[in-house]
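What follows is each chain in one-letter form.
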Amino acid sequence: MSVSIKNDLYKSHESRLEENIATFADLLRQEGLPLGTTEMIDALKTLDRIDIANRSEFKAALQATLVKSYRDQALFSRVFDQFFIPPEEYQKRSEQKASYRQQLESQINQADNELMFKGESLQLSLNELQQYSSLSQQQRDRLQDFMLKTEKGKNVESGFRPLLETVVKSHLRYCRTQEKYKQDSHNYGEGSEVGADSGSDDQNLREMDIEAIKAADMPAAEQLLQKLSRKLAVKILRRRRTGPRSGPLDLRRSMRDNMRFGGIIFNLKHKPKRRSKQQILLLCDVSASMKQYSTFVLHFLLGLQEVVRNLSCFSFSDNIENLTPELKGRADLQHILDRVIRQSKNWGGGTDLGRALFEMVRKYPDLVNAKTTVIVVSDTKTVSIDYALDELKKLKERVKRVIWLNPLPVVYWPDYRSVNKIGELVEMWPCSTIAQLEEVLTGRL
Amino acid sequence: MTMVLSRLRKKLEKVGYICDESTVLTVFLALDLQKPLLIEGAPGVGKTEMGKVLAQILETELIRLQCYEGLDETKALYEWNYQRQLLRIQMNRNLEDEQIREEDLFSSDYLLERPLLKAIQAKKPAVLLIDEVDKCDPEFEAFLFEVLSDFQVSIPELGTVTANNIPVVVLTSNNERELSDGLKRRCLYLYLDFPEVEKEVEIIKAKVPGVGDRLAWETARVVASLRRQQNLRKKPSIAETLDWARALVALNRNRLDGKLVADTLNLVLKTHADQQYFNKEIGSDGVEKMLKNTENGGDVCRCQ
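Protein sequence lines correspond, in order, to chains D and U. Just so we're aligned: the first sequence equals residues 291 to 735 in my numbering. Just so we're aligned: the second sequence equals residues 1266 to 1569 in my numbering.
Hints were generated in silico from the structure; no laboratory data involved. Heads up, a few of these hints could be off.
[As the list claims (entries may be wrong)] Okay, derived cross-link-like pairs now, SDA-like style, lysine to any residue, Cα gap no bigger than 25 angstroms in a straight line:
| id | chain 1 | residue 1 | chain 2 | residue 2 |
| --- | --- | --- | --- | --- |
| 1 | U | K1340 | D | R520 |
| 2 | D | K521 | U | E1397 |
| 3 | U | K1499 | D | R520 |
| 4 | U | K1340 | D | I554 |
These numbers come from a predicted model, not from an experiment.
Please model the complete structure; the sequences and the hints are all you need to start from.
Below is the structure:
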């Protein structure tokens, strides 16, 4: 083989590897890893310096250049293992993909043949046909039966087709939503795949839905929360301590400090700018679906007590209850919340957010002032949403700001009127995992 | 400084710094790409030691900048020697025929070099260790950007000072606060975790002269077990493991038992709460049970 052909081959391999790394970096960005051009350039530079055929060396080199934080390492590892697969595995997956594609094609053709009206297939998208193929036989028979009866109905012309298509599409959408809800509640209720395998480490616990954290992992989760709230406390403390040049010039201290220089002022001293501690009011929804989330947020914020001037905690379901005195004694949070639930007359009858907010302002007006940051932990599922919105508006006018932590997965938010309405009024953030909780509270407080 | 991966691996082993392959590779890439290396991890895992060891391997000077809250450029970069300037002005008053110019007072003769400037102006590439960078203020972190990306600093009176030789920069962080993306972007990243038992045994044998096989294994096993306890406030670090092993060798012990562990616990667990937790939840009996498991093959002990 001539030298020029060899060089061309090498160049073509090299450019393919660079393309692959660019694609890999793109995947990491989609997963939430912040990656810039500098990191990409560094990663490409390492290729000349390592044995790229050595998988562990290749992985370590990419990790050193693309990952800049310990908590992103697990994500990197997962994406790397899924993207850079060995040749045998690649071959196997290609064959599986080809076979799957064939199977899918035949399913879609079958679906196309089954969903006919007046001898012509319905105008459905590929996704919809695929959705139909994934239905159980019973569901498909029922749908076909419906279509047959419709076709045989009186005065049913070809112009009826669009209406029938709409009905079929709605039905498929309904089935898809039902399936999604069922799958999600299965995953969240019984523990995710990662948590179920073995003792969850910190990174898995951070990414796991809070409700899915098992009793065995609770001590580790509480430890993690303490670590995170300590970090946030350091951040708040640092912010409070002012820099050397923050306030106006302090002439007296400047002159005193410079007497050793014979009165020549070399060092200027400034008056420190005082920053007051934050005042936080936490309102936790303790309805059945919310209890575990509320416990976790309480844990997190309790770690901030030394840096937050006034942390007041209240629970609400049907009425409001002040938890602050008991929490100061560092009592077991789960027991406190269990007691609140037991003593509640109407617990289980639905959350009444509007009433809770009304009582809050009426009974504790001194806690609801212009210096207070209100944090509400709730999935917004409440009775009398309009009344709740009115009370929330009134509360918002009295306080510094309102932060809403919603543990409902973000994909479901558009489906709930209460979420949309409350989201228009106050800033709402997801908090179904410890990682989200950390991100919100570290960024917002 | 040219370095080959295999040579770096051998040199690290020779100076007694035991680490895994990915750590060696990351350090090698930092040296070869001439990029700063940011090392994060719990206290006592060997972050600062890496800086010292690199200076030893590369046979160059170690310049250390210990970060703390309130650190600013006068302590980190440079300061004018005011006292000397004042003396010069005073002396000049007595010499009528000599006029002193402002440029004379702001020359390199009156400049006190602090670690960053010293590292940039070193005649030979030095190792600059910026220790515990998470303790400094975000403002100082931003100040480091110019140094870390271009290896130059701006001194208003003297202009831009560019590095004669690019230093090897090692930054360490205990992750007490989140470092800015700007700083991380300019560095290669390395996370040092607590080692596995086998690795820790190697470290003990390399660093503690006179330690027997059995003692090294049992010490590593006990410490690993303590690290797995969720409720400890401060997990024992490698430094504490080594101190403990040295103390046991000084006491002429060649194996552990429950009572000995309980008596020397303060070398490993440094808070009263953790010591109380150990006494309550584990105690001497727990240690004996665990050591017995090791003997029965619960964990491979290569002692003889």
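Hints versus structure:
At roughly 28 angstroms between alpha-carbon atoms, K1340 (chain U) and R520 (chain D) are farther apart than 25 angstroms, so this suggested pair is violated. A distance of roughly 15 angstroms separates the Cα atoms of K521 (chain D) and E1397 (chain U); the hinted pair therefore holds under the 25 angstroms criterion. Proposed proximity of K1499 (chain U) and R520 (chain D) is supported: the alpha carbons are some 13 angstroms apart, at most 25 angstroms. For the hint linking K1340 (chain U) to I554 (chain D), the alpha-carbon distance of about 21 angstroms falls within 25 angstroms, and the restraint holds.
Going through the hint list in order, the structure does not satisfy hint 1, though it satisfies all others.
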